[in-house]
Amino acid sequence: MAKVSISLDAELVVEVMVLAGVGSPQDAIEAVVRDYIARGHRTEARTDLKDQNLRDIDVKPQESQG
Numbered sequence: 764m765a766k767v768s769i770s771l772d773a774e775l776v777v778e779v780m781v782l783a784g785v786g787s788p789q790d791a792i793e794a795v796v797r798d799y800i801a802r803g804h805r806t807e808a809r810t811d812l813k814d815q816n817l818r819d820i821d822v823k824p825q826e827s828q829g
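Sequential numbering of the sequence shown, starting at 764, is according to the numbering used here.
Treat each hint with caution, since some may be false.
As the list claims (entries may be wrong) - Simulated restraints on C-beta separations:
(1) 785 - 805: 28 to 36 Å
(2) 768 - 815: 38 to 46 Å
(3) 801 - 773: 36 to 44 Å
(4) 770 - 806: 39 to 47 Å
(5) 800 - 768: 27 to 35 Å
(6) 782 - 809: 19 to 27 Å
No wet-lab data here; the hints were simulated from the structure. For each residue, glycine too, the CB sits at the ideal point set by N, CA and C.
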């Protein structure tokens, strides 16, 4: 896998390390990024399911009103 080097504010990284309970800056930032990506995938899955349910409702024949 390709690696990317970036610069971050030290205070920000230390806070992430403390919150994540990780001793390595690299591991702490990697954990945050992986969590962010996983959260995005969960959100996509929920919204896709909701959209599909709404489509199913629209497809059902409407009862005549009168």
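Going through the hints against the structure:
1. 785 - 805: 28 to 36 Å: violated (22 Å)
2. 768 - 815: 38 to 46 Å: 41 Å Cβ-Cβ, so the 38 to 46 Å window holds.
3. 801 - 773: 36 to 44 Å: violated (26 Å)
4. 770 - 806: 39 to 47 Å: Violated: the Cβ-Cβ distance is about 29 Å, outside 39 to 47 Å.
5. 800 - 768: 27 to 35 Å: The hinted range 27 to 35 Å is violated for residue 800 and residue 768, with Cβ atoms some 19 Å apart.
6. 782 - 809: 19 to 27 Å: Between residue 782 and residue 809, where Cβ atoms are some 25 Å apart, the hint holds.
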